[in-house]
Amino acid sequence: MNVNDDGSRPVWRLIPLITANGATQMALDRWLFEQHAQGLHPPTLRFYTWEPIALSLGYHQRQIPEHWRSLTYQNQPIDLVRRPSGGRAVLHQGDLTYAVITSGLGPSRNAAYEKLCSFLIEGWRSLGVSLHYGTAGRGYIHNPNCFGTATRADLVTDSGHKLIGSAQLRRGECILQHGSMRLCPDSDLSCQVFGTAPATDGVVQSAIGDPPDLAAIITALATAAEQCFGICLAAQPITNAEWRQIDALQIDALNDARQNFHQSP
1 MNVNDDGSRP VWRLIPLITA NGATQMALDR WLFEQHAQGL HPPTLRFYTW
51 EPIALSLGYH QRQIPEHWRS LTYQNQPIDL VRRPSGGRAV LHQGDLTYAV
101 ITSGLGPSRN AAYEKLCSFL IEGWRSLGVS LHYGTAGRGY IHNPNCFGTA
151 TRADLVTDSG HKLIGSAQLR RGECILQHGS MRLCPDSDLS CQVFGTAPAT
201 DGVVQSAIGD PPDLAAIITA LATAAEQCFG ICLAAQPITN AEWRQIDALQ
251 IDALNDARQN FHQSP
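The opening position of the sequence shown corresponds to residue 1 in full-length UniProt numbering, with each subsequent residue numbered one higher.
In case anyone wonders, no lab produced these hints; they're calculated from the structure. Please note: incorrect hints may appear among the correct ones.
Ranges between beta-carbon positions, derived for each pair [claimed, not checked]:
| # | residue 1 | residue 2 | range |
| --- | --- | --- | --- |
| 1 | Ser103 | Thr200 | 30 to 38 Å |
| 2 | Pro10 | Ser108 | 20 to 28 Å |
| 3 | Pro77 | Gly230 | 39 to 47 Å |
| 4 | Ala197 | Ser8 | 47 to 55 Å |
| 5 | Glu226 | Ile251 | 29 to 37 Å |
| 6 | Arg125 | Pro16 | 21 to 29 Å |
Just so it is clear, CB atoms sit at the ideal spot from N, CA and C, and this is done for glycine as well.
Based on the sequences and whatever the hints tell you, model everything.
Here's what the structure looks like:
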C-alpha cells in the first residue's frame with residue numbers, strides 16, 4: 001500500500017469513470033483484484049457504466065430464464081456477462097457501478113460489507129439520501145433478480161427502495177466488492193427482463209437530477225471514501241500497458257460467456 005510522504009494517510013488509486021462493455025468491465029475488476037492479491041497494485045476505487053446495456057449474473061447463478069439469452073433493448077442485443085462475485089442478476093441500464101479492491105479487513109464478511117459500504121452511506125447522505133441495510137435472509141437465492149430483495153449486503157432508502165446492490169469476491173485478505181446504484185431504470189425493460197417494474201423513490205430522483213449528474217455523485221462518493229477509509233485518492237487512468245493485460249482477461253471472459261450462455265439449460 002502506498003503512503004503519503006509524511007506517513008499520514010494511505011494512498012489509493014482512483015480510476016476515472018470508464019464506459020465499456022460488460023466483458024471489459026468484469027475483466028478490469030478481475031485484473032485489479034488479481035494484481036492487488038499479488039501485491040502488485042494498491043487498493044483501488046473506481047466507477048463505471050455499461051455500454052451496451054448488459055445483464056450481469058452472479059458467479060454461481062447457473063439457472064436462468066431462457067428468454068434472457070435473446071434480450072434486446074432499442075433493437076440492440078443485451079449482453080450477458082458473468083461477474084466474478086456472487087449474488088443474483090443485475091440489469092445494467094440507467095445505473096452507476098462502483099468497485100472497491102482492498103485487503104486487511106479481517107475474516108468477517110458482514111464486517112467487511114459494513115466497512116466498505118460506509119462510504120456509500122455517507123456519500124449519499126451528503127447528496128440528501130438516507131440509506132440503511134436491507135433485512136432479507138437467505139430467501140434471496142430463489143429470486144433471480146438482485147433488486148428483487150434487499151439483504152444485509154444491500155442499501156435501501158427510508159421508504160424501503162433498494163438503491164444499491166453489492167457483491168463480493170474474496171481470496172484470503174483480498175476483497176473485490178462491486179455494486180450497482182440504480183439511478184434511472186427503464187420500467188418497460190425491467191418488466192421484459194424480470195416481469196416487474198422497478199420501484200422508485202422521489203427523494204433519490206430529486207437528489208440525482210434528470211438526467212442524473214454522474215460527476216456530482218462520483219465526487220460525493222469519492223470524498224466520502226477518503227473520509228470513511230482515512231485515505232487519499234490519487235486519480236490515475238488505466239495505462240496502455242495495463243489495457244493489454246486486461247484484454248487477455250476479456251478474451252477469457254468472452255470464451256466463458258460462449259460456453260455458459262449459449263448452451264441449452
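Hint-by-hint comparison with the structure:
Between Ser103 and Thr200 the CB atoms are about 37 Å apart, so this pair conforms to the stated range of 30 to 38 Å. For Pro10 and Ser108, the hinted distance range of 20 to 28 Å is satisfied, since their beta carbons lie about 21 Å from each other. Checked against the hint of 39 to 47 Å, the C-beta distance between Pro77 and Gly230 comes to roughly 44 Å, which is consistent with it. Under the hint 47 to 55 Å, the C-beta atoms of Ala197 and Ser8, about 48 Å apart, fit the expected range.
At about 35 Å, the beta-carbon gap between Glu226 and Ile251 stays in the expected band of 29 to 37 Å. Look at Arg125 against Pro16: about 24 Å separates their beta carbons, and that is inside 21 to 29 Å.
Violated hints: none; the structure is consistent with every hint.
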